[in-house]
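Student: Since chain A is already given, all that's left is putting chain B on it; use the hints.
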Amino acid sequence: MAFDENVKTEFKVVGTRVKRPDGIDKVTGRALYGADFNAPGMLVGRILRSPHAHARIVSIDTSEAEKLPGVKAIVTSADLADPEDDFFRDIRDNCLARDKVLYDGHAVAAVAATSRSAAKAAARAIKIEYEKLPHVTDVDEAMKPDAPVVQAGRSDESVPEGLSENVTSYFEFGHGDLDAGFAKADKIIERSFKTAATHQGYIEPHACLATMGSDGRGDLWCCTQGQYFVRTICSEVCGIEATQLRVTASEIGGGFGGKTTCFIEPVALALSKKSGRPVKIVMSREEVFRATGPTVSSSSDVKIGMTKDGRITAATAKLRYQGGAFPCGTVEFGAQSAFAAYDLEAVRSYGWNVLTNRPKEAAYRAPGAPMAIYAVESVVDELCQELGLDPLDVRLKNAARKGTLASYGPTFNDIGLVATLEAAQAHPHYAAPLGENQARGLSCGFWFNFGGNTCVSLNVNHDGTVGVVEGNPDIGGSRASISMMAAEELGIPYEKVRTVITDTNSLGYNDVTDGSRVTFAVGLATIEAARAAKREMCKRAAQIWGIDEEAVVWEDGAARPSGPNAGEHPPMSLADIAAVMDQTGGPIAGHHEVNADGAGVSFGVHLVDVEVDKETGSTKVLRYTVFQDAGKAVHPDYVEGQMQGGAVQGIGWALNEEYIYGEDGRLQNPGFLDYRVPVASDLPAIEPVILEIPNPGHPYGVRGVGETSIVPPLAAISNAVSRAAGVRMTELPMSPPRVLKALSGG
Amino acid sequence: MVRVKLWGSLRDLADGQEYVEVEASNFKQLLDQLEEKYPALKPQIKRGVSLALDGVIYREAWFTKISEDNEVVLMPYMVGG
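The listed protein sequences derive, respectively, from chains A and B.
Read in order, the letters of the first sequence are residues 1 to 746 in the UniProt record's numbering.
Read in order, the letters of the second sequence are residues 1 to 81 in the UniProt record's numbering.
Bound conformation, chain A alone:
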């Protein structure tokens, strides 16, 4: 190439804090969210859900409901297809139960009617006969050999013999001689921990509008983190060819991993197919809590040995995660992440995925990692207390760095943990004085980050502006960051670029917006698409000047002659070339498709000060600082927002949020009054400190940032509360009753 394609380190647009392009739409109500889509003749869909935690469906009688005025269609699992793959069959059986209901709130049947009241009346008129079965909602209970079996035959070949059928998979990671390691320790602490299931708590409930025509072609508008994945799921679950279903993603009022699957979309399509009319389904908040994924809850045992001077000699973690009524793949990430921050000679982590009669777990920011690291970092903190060591010094002494054999298998390349810890140590927060009943907590956190399938088109317009077409819903500000990278690469102002998110028929496949992948992978594809357009623009300029293409370079937003024989020609800007593109060969566009790898892992360190009221057991968060390696922060506001958001959600996990099940196996708190997320008055200003250790796997050095920030807060807050209360806390959330119980020695 005639122009430099090496990794950039100097930027004009990237790294600035430009205005977000969707801001005005979102604050004025012009932006279209899931429930904002309507169609002529549209019906209202409603789903009937199980009142039982576990029961066999003996019969479903829809005859009376069908006779009610306004009722146009009723569907059950019999109206869905029969996918070959277990993964899709599980999604189908979660969308509409087949044979058994597996948790309180499990969908059983759905109706479409001309009004909300008619749909509600019809749902009430459906008669379902259940045979109640014993249930289990606790992970430790579910692992006992005589526990009620949630689903038989779902254990894979990794599960050791003799365990309950509810254990679906087993994982083990690590290296070294544990016995020899523990023998070198001056102090060994072994503790057990529990964490509660927590919901992603997105503001916008799931909503969709589906139309299936008599020609077999469908359209679906929905609130999702990945329209292509919705298309794949719906195609499998409803028996529609991918080409016959177009899925458009709405704006999204939060996802955090919880909108990476389907709950209502196949049902709406089935109702539309049966009724011949468009069908809209909007979940209530209660439905969201009862029937969409919370994260896993966990039970774990951690044992760590340490020398008097703070060197960890050996460590083990046994992690048991319940992911609800269907097999999940979450404990493996916990087991891999548990000790990732440490350089250890002897380490082992073990994980069991377990079925319970709870809703199917869905991803939630760094799935599986926060619970594991909570347990590990709690024991590290207690060892520091017992040995009289500074917790930050100990973490620095043991920190993973380039060349460390990671506890999950590979050897680390360039990573930013030490720099992140040093930034925390140097920050005024770490040395700030504390008052009575106050204490400071610290934790490290780790997440992998991913790339994945990505496709981007970049179109040059006649007026010198540029349109970028991408396929990932804008959750964390990607419209801005993608426009910034396009502008940077082309050398034009940010305001000259508009990025739009398109439907599944208008661009090649894109993976879900998850894994902290979008700024990394879509950014990478955008840069490559811009480079393709630059190559074409250089070619056009060369033709106009009558010189060789190789004698043209792209610099500062313009094609310029270069080299001894190029001659003297005034630079041609993007706008100059765009103005004559019809005459020089036609439209100019760049395109890039990639399954991106090389995302680069990231680490965060959180510092928190709390005050515990020993009379009420309540905890006030006084000060919070987040340190995180972002690679290159494309839009620092958004990076800081991700860091603050993860900390806030972590505060909720640590102090208040939990799914509470009664003896009857029913969820007791399916609403924001009883399931308490942090609100502004619960929070201090959260200070984000961005570190920029470039990722060599990205042309601008970008890493993912969306998930790492939720990993450390559980332990950081627990460590602070434990120190302030004078008693080691081992169960989350540390709600006032639980803190009081611990204070009274319970």
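Since the hints were made in silico from the structure, they are not lab data.
All C-beta atoms in this analysis are idealised placements derived from N, C-alpha and C, irrespective of residue type, glycine included.
A couple of the hints might just be wrong.
Unchecked claim - Reference listing, derived: stretches of chain A covered by chain B, where coverage requires no fewer than 3 residues with Cβ under 8 angstroms from a Cβ of chain B:
(1) 92–100
(2) 363–370
(3) 514–521
Tutor: For chain B alone, coordinates are given in the frame of chain A:
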């Protein structure tokens, strides 16, 4: 020969070995060889695995080149939230 490190719980499915050696020059060949030499690994590979190559994680990427100089670790299929 490429030396492949297996995550712990896979070792029971490969005659207890932490490291196995296969003749492969890319990801696809490596997986095919593992399935052929250790059929018990097949269900897990079918469900999905990732591969860490000198510390960089690859999820699919059949034609990623692998040589005996690389550190190769077989890992669970990675996803995010």
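Student: Next, verify each hint and record whether it holds.
Tutor: Results of checking the hints against the structure:
no., hint, verdict
1, 92–100, "violated (count 0)"
2, 363–370, "holds (count 5)"
3, 514–521, "holds (count 4)"
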